[in-house]
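Engineer: Take a look at the letters that make up each chain.
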Amino acid sequence: MSKVVVLGLSGFNPELVEGWLEDLPNLRKMQEEGIWGKMESTVPPNIPQAWTCAQSSRNPGIFGFWDFSYRDEFSYGEFKTIDCRVKDQRVDCLYKILPISGQKIATINMPVTWPPPRIPGGYSISSFMTPDLEKGFTWPESLADEVQGLVGEYIIDVGEAEENYLQMEKDRALKRSYEMDAQRFTLLRHFIAKKQCDYVCTVIMGADRMSHLFYRFFDEQHIRYDPDSQYGNVLHDYYVWIDKHIGETYDVLNGDTVLFAHSAHGVQRLDGRINLNEWLIQEGYMVLHEYPSQLTPMMKLKVDWANTKAWATGYTGQLYLNIKGREAQGIVDPDEYDRLLDEIAKKIIEIPDERGNSLKTQVFKRKEIHSGPFAQYGPDLFILFDEYRWNISEMVGYGHGNLYSFDKPSGPDDGADGLNGYFCIAGPGVPASGQYTGATLLDVAPTVLDVMDLEILKEMEGKSLLGEEKSAHPPEDDQKMRSRLKALGY
Amino acid sequence: MKNVILLTIDTLRKDVLGCYGNEDGLTPFIDSLQDKCIRFNKAHSPGPYTQAAFPGILASSFYMEYGRQKMLSEKRVLISEVLKKTGVTTAGFHSNPYLSAYFGWNKGWDVFYDSMEDEVDDKVPYIKAGEINNKVSAWLSSHIGGIAGYNPFFLWVHYMDVHEPYVPERNYMDMVDPSINLNEEEMFGLFKDVLLKRDVSDRRIVETLKKLYCAHVREIDDGVREFFGILEKCNVLKDTLIIITSDHGDEFGEHGGLSHDGKMYSELVNVPLLIYDPSREKTEVRDTLVSLLDIPPTILYLFGLNQVDVFEGHPLIPLDDYPARGVFGEAVDKHGSTEKGEEKEVHYYCEGDLKIIYRERDDSWELYDLNADPKEINNIVETSSAAGAMKQKVSPRVRRYQR
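Which chain is which? The protein sequence lines are A and B, in order.
Going by the working numbering, the first sequence runs without a break in its numbering and finishes at 490.
Going by the working numbering, the second sequence runs without a break in its numbering and finishes at 403.
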């Protein structure tokens, strides 16, 4: 069996990796020696549930969140912030599964790990959703001093308590991002080298943050493309810098450890937002007691629930119906559920972009894609405008019939989380089988278990990416095969 | 007939063989066999490179069936597996890494040699036909033994000698063009600096590469001659039917490239296909469209065995029972590890004189009238009334095996 290091590369976009591969020698080497490809995210591709899907190989219906907050049963207005305790009650992630089979592990900055999970015999450092270092960010608690001794003041996220990173001054955000991710790599290598762990994972957030901040400066197709800034190469350079650290990390693995790098979604250019609640009002599916005089989030709208059939929340196309007997003031007959969803979906698909072009919109009913005990509380319909290149605004107050916007209330945002993530896995026992088609986030946990020669749990919904090829060959055979094929020009 | 041999020559273009009209005298021995051969003029490979072609040749299945890993899917059934179960002795000898035990191709063989244990060098990164022949000879001698009554065998022999890098021996170079005075290093330099870069900008260099390739063709003809000599010496030739083909051709600038990438033009997918029958007295030429997927069913027929459901081809024999039908092929456009980026599918379908090609990368269609335009230059997809029907044959096959 091999040990595993999982390196989460939040926001890593496979098209950007492809385009810049010449400048990413370490990823290129891993690709040549292992398996790589696109990794399909979950619908919707939001950070909290995407990483949870990866770590558990279960769909969001099992654990009941699709975003940074989750709906309290069938409430209209009460959305709770997810935390690690709720997640761990509902689903088993690798950091719970592996210690049970005797593995020593460390998990660093995995989304939705605050409060830090208490890992028997292992270590955890909580995620970017940690409210305050003072409230505890490590398990065991004494690990905090060791962490700060190694890296100084631990940086939770690019943004700070009072300042969303999107509103930050760009140079400062960039500097903080490098510092933050350098800390993660330092800790990752520390746990590999000094703690004799069988499994270490960390999630690098910087590329994600930098994509949202800097996409307009290099992508000519970006609606706000700005070619004349000093930021044109920022994201490229960030990828190159991460690649350098991947190389250094790969080098400290001493022949018995597999490196599994993956993102949970890619960040792509954002083309705009559909003001979905404005649209629902325009179409008569949502009725307000009073149209707001300024931009107002869904939860603060004065909704006339007795006359409202549907509403939407979040940025990624999540629509709920107001069902009689389910929601407190539901008016839609349960027998009408599918008919109404079909009717709304059909109209949504016809919403064009602001120039009248098709948005190639896709819609999924929840029951088509998610199942499990908490699925029922989830959105009834998921909407993907142009593969998420168009996001959604839940805000109302843009003006009646005004369906298009761009910025978030939290600040300008250049990027949109998309379904295409990236993965690459290489190391002892991993065949050099090259590009893999059809990987999904649900394959992460089974692949880790497979590499470690542990049983893949029956309830897991994904598959091992090693497939039949796992451990079929000793590394020297892999090497011989590579050199033979290369000599033939392949 | 007691035994069947499948002799496959990697990367051998159809149009370099004298029996297919080449006038340069590159294949005197193979040409001399023609009296005893059935020659198929329109044999098609299901793919333009080894990984795409051999699932058809040995498992009668398409490349993208069962997913497209380099690893042979357990669901594919090799002809060797079927034969071994019936008691036929099966033996395979080759030196193509893509067909090695490493990728699972050793299923069903009593004897399997893939050369991966042996040392090779950069200029000749495979075991040459002469050495393959030695191994076949040793095995065959021991198999037939001294006494009559050896077990019927199916033997697969595959030669790599025509495959790049093209570094032919001097005497073969002289037979093709004595004016080419390149030493080994210079020839290898062309491989690295021109062929690997798919650089067709200098026509003269491309012509030189073609001549180096042809010298290897001349050489492999001697390899085949030696092979037949071994069969004669072991006294099995008279009891053995021999299928001779190649997995794909090679490109020399015909469509802007070199080597054999994911393209579907005739220089890559039209292959020689001969069935040598020692009891035959006169050439039989067939113009029917046939596919290399037909080889495993043909072998079953020759051994008098029932067909198996998983095979997608049709027996070539009896010749008159072969149905008139179209042939398909599929590949991805980037298949080597040196090619970066996402793979996209390429498909072709051939029916009558028409060939349609679909490229997923730019969602484009090409249609050629092979009779009027054998070089496949004039795309008539916009003007031909047959375009719609041809597209409909291919469309359902695109991304059909997406997992």
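Derived by calculation from the structure, the hints in this document are not laboratory data.
Think of the CB as a built atom: it goes at the ideal place given N, C-alpha and C, for glycine as much as any other residue.
Watch out, some of these pointers could steer you wrong.
Derived CB-CB ranges, DEER-like [what the hints assert, rightly or not]:
1) B:116 / A:15: 44 to 50 Å
2) B:325 / A:241: 44 to 50 Å
3) A:300 / B:388: 55 to 61 Å
4) A:237 / B:388: 25 to 31 Å
5) B:130 / A:101: 51 to 57 Å
6) B:391 / A:365: 31 to 37 Å
7) B:306 / A:474: 55 to 61 Å
Below, computed lysine-lysine pairings styled on DSSO-like, alpha-carbon distance capped at 30 Å [what the hints assert, rightly or not]:
8) A:486 / B:210
9) B:233 / A:486
10) B:393 / B:344
11) A:463 / B:344
12) B:233 / B:84
13) A:486 / A:29
14) A:29 / A:194
15) A:458 / B:75
Engineer: Each hint should be assessed against the structure and marked as holding or not.
Structural biologist: So, going through the hints one by one against the coordinates:
| no. | hint | in the structure |
| --- | --- | --- |
| 1 | B:116 / A:15: 44 to 50 Å | 36 Å, violated |
| 2 | B:325 / A:241: 44 to 50 Å | 57 Å, violated |
| 3 | A:300 / B:388: 55 to 61 Å | 56 Å, holds |
| 4 | A:237 / B:388: 25 to 31 Å | 50 Å, violated |
| 5 | B:130 / A:101: 51 to 57 Å | 54 Å, holds |
| 6 | B:391 / A:365: 31 to 37 Å | 32 Å, holds |
| 7 | B:306 / A:474: 55 to 61 Å | 40 Å, violated |
| 8 | A:486 / B:210 | 21 Å, holds |
| 9 | B:233 / A:486 | 38 Å, violated |
| 10 | B:393 / B:344 | 19 Å, holds |
| 11 | A:463 / B:344 | 23 Å, holds |
| 12 | B:233 / B:84 | 26 Å, holds |
| 13 | A:486 / A:29 | 14 Å, holds |
| 14 | A:29 / A:194 | 26 Å, holds |
| 15 | A:458 / B:75 | 23 Å, holds |
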